[in-house]
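**Q** Protein chains in written order, with my numbering: chain Z, 1 to 206; chain G, 1 to 244; chain V, 1 to 222.
No wet-lab data here; the hints were simulated from the structure. Please read all numbers here as calculations on a predicted model, not as lab measurements.
Pair ranges (Cβ atoms, derived):
#, chain 1, residue 1, chain 2, residue 2, range
1, V, Ser-70, G, His-235, 35 to 41 Å
2, V, Leu-62, G, Trp-239, 47 to 53 Å
3, Z, Leu-189, G, His-235, 36 to 42 Å
4, G, His-235, Z, Gln-103, 57 to 63 Å
5, G, Trp-182, V, Leu-39, 30 to 36 Å
6, G, Phe-143, V, Ala-187, 32 to 38 Å
7, G, Asp-153, Z, Ala-139, 32 to 38 Å
8, V, Pro-45, G, Phe-143, 35 to 41 Å
9, V, Ser-70, Z, Gly-27, 41 to 47 Å
10, G, Gly-75, V, Ala-200, 20 to 26 Å
Below, simulated PhoX-like cross-link-like pairs (lysine-lysine); rule was C-alpha separation at most 25 Å, straight line:
#, chain 1, residue 1, chain 2, residue 2
11, V, Lys-157, G, Lys-157
12, G, Lys-23, G, Lys-237
13, V, Lys-218, G, Lys-157
Backbone N, C-alpha and C fix where the C-beta goes; we use that ideal spot for every residue, glycine too.
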Amino acid sequence: MLSVSELSFERYFERVFEPVSFEVSAGSLLLVTGANGCGKTTLLRVLAGLLEPSEGELNCRQQPLYAGHNPAIKDDLSVTENIRFMMNFMGTRGNQDQTALCQQVIDKVGLSPVAQQEGRTLSAGQRKRCSLSRLLFCAESLWLLDEPYSNLDPEGIALLDSIMSAHLNAGGACVLTTHGSLRPEGFALQECLLISGRAQNEWTTT
Amino acid sequence: MNRFILFFHNTGSPPWFYRFSGKLIPWLWLGFAVLTVIGLYMGLFLAPPDYQQGESVRIMYLHVPAAWLSMMIFGLMAIMGFIALVWRIRVMEVLMISSAPIGAAFTVIALITGSLWGRPTWGTYWVWDARLTSELVLLFLYFGVIALYNAYDEPRKAARAASLMAIVGVVNLPIIHYSVLWWNTLHQGSSIGTSGSGIHPSMLWPLLIMAIASKFFYGANLLSRARLQLLKQDHRKRWVRELL
Amino acid sequence: MRGAFLALLRRDFLLAYRRRAELLQPLVFLLVVVTLFPLGVGPSPQLLANIAPGVIWIAALLATVLPLDSLFRSDFEDGTLEQMALSGQPLALIALARTVAHWLVSGLPIVLMSPLLAMWMNLPDEGVPVLLKSLAIGTPVLSLVGAIGGALTVSLKRGGQLLSLLVFPLYVPLLILATSAVSAAVAGLPYGGQLGLMLAGMIGALTLAPFATAAALKLSLS
Numbered sequence: 001m002l003s004v005s006e007l008s009f010e011r012y013f014e015r016v017f018e019p020v021s022f023e024v025s026a027g028s029l030l031l032v033t034g035a036n037g038c039g040k041t042t043l044l045r046v047l048a049g050l051l052e053p054s055e056g057e058l059n060c061r062q063q064p065l066y067a068g069h070n071p072a073i074k075d076d077l078s079v080t081e082n083i084r085f086m087m088n089f090m091g092t093r094g095n096q097d098q099t100a101l102c103q104q105v106i107d108k109v110g111l112s113p114v115a116q117q118e119g120r121t122l123s124a125g126q127r128k129r130c131s132l133s134r135l136l137f138c139a140e141s142l143w144l145l146d147e148p149y150s151n152l153d154p155e156g157i158a159l160l161d162s163i164m165s166a167h168l169n170a171g172g173a174c175v176l177t178t179h180g181s182l183r184p185e186g187f188a189l190q191e192c193l194l195i196s197g198r199a200q201n202e203w204t205t206t
Numbered sequence: 001m002n003r004f005i006l007f008f009h010n011t012g013s014p015p016w017f018y019r020f021s022g023k024l025i026p027w028l029w030l031g032f033a034v035l036t037v038i039g040l041y042m043g044l045f046l047a048p049p050d051y052q053q054g055e056s057v058r059i060m061y062l063h064v065p066a067a068w069l070s071m072m073i074f075g076l077m078a079i080m081g082f083i084a085l086v087w088r089i090r091v092m093e094v095l096m097i098s099s100a101p102i103g104a105a106f107t108v109i110a111l112i113t114g115s116l117w118g119r120p121t122w123g124t125y126w127v128w129d130a131r132l133t134s135e136l137v138l139l140f141l142y143f144g145v146i147a148l149y150n151a152y153d154e155p156r157k158a159a160r161a162a163s164l165m166a167i168v169g170v171v172n173l174p175i176i177h178y179s180v181l182w183w184n185t186l187h188q189g190s191s192i193g194t195s196g197s198g199i200h201p202s203m204l205w206p207l208l209i210m211a212i213a214s215k216f217f218y219g220a221n222l223l224s225r226a227r228l229q230l231l232k233q234d235h236r237k238r239w240v241r242e243l244l
Numbered sequence: 001m002r003g004a005f006l007a008l009l010r011r012d013f014l015l016a017y018r019r020r021a022e023l024l025q026p027l028v029f030l031l032v033v034v035t036l037f038p039l040g041v042g043p044s045p046q047l048l049a050n051i052a053p054g055v056i057w058i059a060a061l062l063a064t065v066l067p068l069d070s071l072f073r074s075d076f077e078d079g080t081l082e083q084m085a086l087s088g089q090p091l092a093l094i095a096l097a098r099t100v101a102h103w104l105v106s107g108l109p110i111v112l113m114s115p116l117l118a119m120w121m122n123l124p125d126e127g128v129p130v131l132l133k134s135l136a137i138g139t140p141v142l143s144l145v146g147a148i149g150g151a152l153t154v155s156l157k158r159g160g161q162l163l164s165l166l167v168f169p170l171y172v173p174l175l176i177l178a179t180s181a182v183s184a185a186v187a188g189l190p191y192g193g194q195l196g197l198m199l200a201g202m203i204g205a206l207t208l209a210p211f212a213t214a215a216a217l218k219l220s221l222s
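Next comes chain Z alone, as it looks inside the complex:
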């Protein structure tokens, strides 16, 4: 589904991370780990197509779904309106009625008590849940999730794990980043340790 060889990205004429190679096939999960500032977010943005790789090859069958640090929630719209806009704009899988689907999604991610509240009133965890609600209706089969566990409570983490395992069982694939403490539980996963390009440079010069 996604194959990457000797991929790296340069900023300020230095590699952000050392070249990486991996392959993600249907039904598998790749965990990108590494210290802060080693380029996890950059790698995911390269994979999503927002950044162009400086070296190496990136083969991606179709446009992946990218859920970054910014939850893409408009402060002036209610949770329902936010989700409805995403549905209208990005499209949904299947031909379900969007109003019903939206209700269903909101119930599933546990936002029904705040469904009519404006985006600005949401807590960080609620924002995260709102942005993860896209996973429930999107049509993409490859997901790129940047720190999906941050700000989530244990219940939210369990919810995310169940969404991901359903996705993997249905033949989807997932790339996610984490800086260590929280890891997906109960998945067969590949791991890719990113090494900061800058650190590498310092080692070689001293």
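Go by the hints and put chains G and V onto chain Z.
**A** Positioned in the frame of chain Z, the structure of chains G and V alone reads:
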């Protein structure tokens, strides 16, 4: 690989560009020096004074080449910017952004010489003459490109943003030029046209020689700037360390 | 594609409605700027009538550029823009939808308010319909071309002033054509040529500017 593609490929490689331009620069300076001496001598001593404008017409030998070059550089920036955006050639990005200060400088020269010429001719330093006005707008376009480049932190992203701005500017440049011409039709008619020239050869030759000399200057200056920029950008890379 | 375009337009109108107090800002700005001129140059009706087309047009120019800085900014900062860019919908379409929304909420009110300004500035009656027409043709161009600048500066912390520096030189031809059309109408001369050229400019901007804006957005997201 055929020779043309190989040349294109090589030009895109900073070390190759560095070596190649290093060989070229002395010749460009030489060409500039020789042509300038000849052109200035012809223009300032051999060419006759204008029967209407008198000696002040000699400013033309500086003003007109500067004005031509200022427009040419903006056009070249757009072309280089286009190549940089489409093929992501770093040398082109560097060449494009290194052209901007030179182009802006020539625009300023054209404006200053234009108003110096205006003082004896019109009796005032600044008249909203069509060509001076469109040079002024061109200067603002240069400022826009340079300011945009400086506003970005990441040099490659900055160069691509500036390239895009140069392309947008160059699409507008002829529109601006003609609308300003049309806005102010009280100006000197263009003396050098494509079909026949209303200017006497004794004045035309020094003008053309100076115009070519200014292009040599641009080439030499541009390559020197681009080399410096590349060295700065690549100061951690091996080819630079081996060089220095 | 049409669905996404309409969804984005609908969202923008909803957002504009939620922040309707802000919609008045450019209009009040326009009124204030135009008011400054009689105070600055004196209330002589003939003088005001002479400079009226230029004053109204320059004020309209300033008032359109003012909200351009925020055209893509909030979508950029909250991550909506990158999501839209990755949705598979063409970026030019997103750019066009945002520009259309921008014009409808900030350009169109300026057009509608221009007769009032013309009255204040003592513009002769023959000039008013032409002023309206020139603004109706010209303000979309202001929005379309300005969107390129807005997209180029969206990732910069303070883009406002730079944005003006980038787009004002590009507005020169429009300003020249529009003001001369109005002046020509006042003088009883034909003005169709100027308006025709402006219309051509609008069609050109409509076909080219969204692509430049899209390229600028892609760059800002990288």
